[in-house]
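Chain V is already provided as a structure; the job is to place chain F on it using the hints.
Each chain is listed here by its residues.
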Amino acid sequence: MAKEKKITRKEDAILEAKRKAELMSMMSETTHKVGDVKHELLLSIKDLKLHFETVRGPVQAVDGVNFDLVTNKAVVVVGESGCGKSSLAKAILRLLPRNVAHYSGEVWLRDIETMGLSEEEYREDIRWVKISMVPQAAMNSLNPVLRVGDQVAEPMLVHYGMPKEEAMEQAAIMFRNVGVPVDFLTRYPFELSGGMRQRVAIAMALVTGPDLVILDEPTSALDVLTQANIFNLLKRIKANLETSFILITHDISTSSELADIVAVMYAGKIIEVSESHRFFSEPRHPYARALMASVPRLREREEPHFIEGKPPSLINPPTGCRFKDRCPNRFEKCEEEPPTVVFGDDWVACWLYEGQGE
Amino acid sequence: MSIETNSQETSLEYAKRATRETAKRLARFFSIRLVLQIITIIIGVYITILVANMGGYVDTILKASILEEVNLEVSAMVTEKDIPREMREQMVRDLVAERETLAGLDQPFIQRSFRHLWNGLTLNFGRARFMVSDHGSRMVRNIILERLPATLLLMGTSQLLLFFVTLSIALAVSRHYGSLWDKLIVALSPTSSIPPWFYGIFLILVFAAWLKILPFSGMVDAPPPPTKWLYFLNVLKHLILPAGSLFVSSFFISTYSWRTFFLIYSSEDYVDMAKAKGLSDRAIERRYILRPTLPSIITSFALLMVGIWTGATLTETIFNWPGLGTTIYTAISKYDTAVIVGTTIIQAYLLGITVFFLDFLYAIVDPRVKLGGGK
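Just so you know, the protein sequences line up as chains V and F, in that order.
Numbered according to this note's numbering, the first sequence spans residues 1 to 358.
Numbered according to this note's numbering, the second sequence spans residues 359 to 733.
Since the hints were derived computationally from the structure, they do not count as laboratory data.
There could be a bad hint or two in this list.
[Claimed, not checked] Short derived list, chain V residues pointing at chain F, Cβ under 10 Å: (1) Lys-90; (2) Tyr-122; (3) Asp-125; (4) Ile-126; (5) Ser-132; (6) Gln-136; (7) Ser-141; (8) Leu-142; (9) Pro-144; (10) Gln-151; (11) Val-158; (12) Asp-183; (13) Thr-186; (14) Pro-189.
[Claimed, not checked] Below, computed lysine-lysine pairings styled on DSSO-like, alpha-carbon distance capped at 27 Å: (15) Lys-235(V) / Lys-49(V); (16) Lys-18(V) / Lys-130(V); (17) Lys-164(V) / Lys-374(F); (18) Lys-164(V) / Lys-333(V); (19) Lys-130(V) / Lys-10(V); (20) Lys-164(V) / Lys-633(F); (21) Lys-633(F) / Lys-46(V); (22) Lys-130(V) / Lys-633(F); (23) Lys-49(V) / Lys-633(F); (24) Lys-18(V) / Lys-633(F); (25) Lys-10(V) / Lys-421(F).
[Stated by the list, open to error] Sample of chain V residues with no beta-carbon within 12 Å of chain F, all distances over it, derived: (26) Arg-19; (27) Glu-80; (28) Asn-143; (29) Leu-146; (30) Asp-150; (31) Pro-155; (32) Leu-157; (33) His-159; (34) Lys-164; (35) Thr-208; (36) Asp-260; (37) Ser-276; (38) Arg-289.
We treat Cβ as the ideally placed atom computed from N, Cα and C, and that holds for glycine.
Okay, chain V solo, but in the shape it has when bound (with noise of 0.2 Å):
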């Protein structure tokens, strides 16, 4: 407790938390800008590995995986179930979970290895002030005895040492933003439905003011109509803000909504990164192109596609492209560890596309 009760009084920090709310509480119901944002790099991971500890052996769940985000994009991350993609949120989150095999590689954000820093540098500096995160099932996120108004308002305590009627204020404020009526501030998780209790969860994840969120598939337990609502709102929460936003999904026709950059994840590996107008067109790895094919599509005759075969376990993945065993375009090459091949700020890591790069 007492240890607690030292926590400074982080007054840039605060202020900077309570322009980012007058900014959300400005922005108008549609999604144009407020004004120009620029875009630096914000995130840069690099060969990053984080291996599970199971009885059949260690289980390769992100397998050196590469990319860099700017600030106020978002990346979307899709693939299939059991390819990695929650296990790299958890990687670059550091929640790790308790049979943890191997973990490496570097995350720079902006110009911090937050590899490097000790876990206690990494609750202070990072953790919520820097990097927030939207889990999945908001029903499960939120502490059932506490009230939601009090957990939306403890990372400004526990980070910035504000008092608690001032945090309790951000936190009224943060909901009004995401339509939240003020008076919920009292109330505990199960007195509130699932879209509201989503809508709660992000709130707590901007009330700092992060550079970066990471939703982890927000809305894969909610309704259409309510996914749509999430949706929106995050949508107007990007225009408006610098924050940057990686979303980890299945649903890739719900993340077209909002993602400026898709990143396919197959076994482990980020395979393909690419602008999304582009990749939601024309897909260049031939696993990206499949996935698309098996998104069904409105109004068309097109029957949706699906991939034979299954993906490769991760236990002992094949060697090369861990793709080669499913993939149509198959050849000698795709015995050996596939180059990556940059198409300016897009990249794919295919044998096909060898010496085509820019």
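Quick look at chain F alone, frame taken from chain V:
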């Protein structure tokens, strides 16, 4: 602005309505609980009376012993020459009838069992048949009251210590899942299948017989120490072995089960969330693990408090500890039904009251209990 005032009003109204609804439902809930609780206690006590009287067979035993007693007395009083045989038999019959009436044995057992029930429930335990309190009283209430402090001392010390020590160790161990300490606790938990009285014998052998540093049994030395302070220390010295054996016998299994309990609750999504929010480990433990599990912890604590009043029958007997456990042991071996029934009724009442107040505590501790199931 108008929206805000509106929402404020609704908030106030909501709170008022919620309180009203809650009060109504709580009142209904608790009156039903109270009635059920009383019925349960009555049934429990009646079964105890039946069992303690061996379904009426104790009457037969008592009648036989009265007959034998009277025969002996009469033959000691008179010689065969003085009185004719018929008169002598008449004398025996009269005496037996008198004593049976005195003991209430002239009425059928079923009828008396209900009287016992009423007396018991009104805490009117009557007199013991054979047992006598140290001060010479035959009143069951005096016997129980005399033994209660010793039991409370022994059980209170060992159980409270056990509860808080295992709880905090389990919390620490659950934080380091898979560590050496964690594995040790898991590996040693089967040792708790050995009953406390066995540990008692073992500890007596080691510390009293072999090392000779602690007393064998009893609660205080034969001539008790003169000053209060020395008396206290002396009791403490006698307390170590029995309390220790009770503690050791449950330590590992209790730590193990609390550890598992905390492991389950610390893998909840909201605990992960709290970690992502950058809360310190202590804050997470307090607000995100202990707080949501408080109802379960309180339940366990309350049941433990009830257990404290029972005493540990065999362990107390092994250590010759003058508590309720020893009393029950003696009472059972002597068919002293009044004492058995008396202690059981106190147990039943305590358990009933505890369970009843637990519901109140839940409503205070867990917000979900207050409004759950409302319109």
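The hints, checked one at a time:
{"no.": "1", "hint": "Lys-90", "in the structure": "holds, 9 Å"}
{"no.": "2", "hint": "Tyr-122", "in the structure": "holds, 8 Å"}
{"no.": "3", "hint": "Asp-125", "in the structure": "holds, 9 Å"}
{"no.": "4", "hint": "Ile-126", "in the structure": "holds, 8 Å"}
{"no.": "5", "hint": "Ser-132", "in the structure": "holds, 7 Å"}
{"no.": "6", "hint": "Gln-136", "in the structure": "holds, 8 Å"}
{"no.": "7", "hint": "Ser-141", "in the structure": "holds, 5 Å"}
{"no.": "8", "hint": "Leu-142", "in the structure": "holds, 6 Å"}
{"no.": "9", "hint": "Pro-144", "in the structure": "holds, 6 Å"}
{"no.": "10", "hint": "Gln-151", "in the structure": "holds, 9 Å"}
{"no.": "11", "hint": "Val-158", "in the structure": "holds, 6 Å"}
{"no.": "12", "hint": "Asp-183", "in the structure": "holds, 3 Å"}
{"no.": "13", "hint": "Thr-186", "in the structure": "holds, 7 Å"}
{"no.": "14", "hint": "Pro-189", "in the structure": "holds, 9 Å"}
{"no.": "15", "hint": "Lys-235(V) / Lys-49(V)", "in the structure": "violated, 31 Å"}
{"no.": "16", "hint": "Lys-18(V) / Lys-130(V)", "in the structure": "holds, 15 Å"}
{"no.": "17", "hint": "Lys-164(V) / Lys-374(F)", "in the structure": "holds, 24 Å"}
{"no.": "18", "hint": "Lys-164(V) / Lys-333(V)", "in the structure": "violated, 62 Å"}
{"no.": "19", "hint": "Lys-130(V) / Lys-10(V)", "in the structure": "holds, 14 Å"}
{"no.": "20", "hint": "Lys-164(V) / Lys-633(F)", "in the structure": "holds, 20 Å"}
{"no.": "21", "hint": "Lys-633(F) / Lys-46(V)", "in the structure": "holds, 24 Å"}
{"no.": "22", "hint": "Lys-130(V) / Lys-633(F)", "in the structure": "holds, 14 Å"}
{"no.": "23", "hint": "Lys-49(V) / Lys-633(F)", "in the structure": "holds, 21 Å"}
{"no.": "24", "hint": "Lys-18(V) / Lys-633(F)", "in the structure": "holds, 23 Å"}
{"no.": "25", "hint": "Lys-10(V) / Lys-421(F)", "in the structure": "violated, 87 Å"}
{"no.": "26", "hint": "Arg-19", "in the structure": "holds, 21 Å"}
{"no.": "27", "hint": "Glu-80", "in the structure": "holds, 22 Å"}
{"no.": "28", "hint": "Asn-143", "in the structure": "violated, 5 Å"}
{"no.": "29", "hint": "Leu-146", "in the structure": "violated, 7 Å"}
{"no.": "30", "hint": "Asp-150", "in the structure": "violated, 9 Å"}
{"no.": "31", "hint": "Pro-155", "in the structure": "violated, 5 Å"}
{"no.": "32", "hint": "Leu-157", "in the structure": "violated, 10 Å"}
{"no.": "33", "hint": "His-159", "in the structure": "violated, 6 Å"}
{"no.": "34", "hint": "Lys-164", "in the structure": "holds, 14 Å"}
{"no.": "35", "hint": "Thr-208", "in the structure": "violated, 9 Å"}
{"no.": "36", "hint": "Asp-260", "in the structure": "holds, 24 Å"}
{"no.": "37", "hint": "Ser-276", "in the structure": "holds, 27 Å"}
{"no.": "38", "hint": "Arg-289", "in the structure": "holds, 35 Å"}
Hint compliance for this structure: hints 15, 18, 25, 28, 29, 30, 31, 32, 33 and 35 are not met, and every other hint is.
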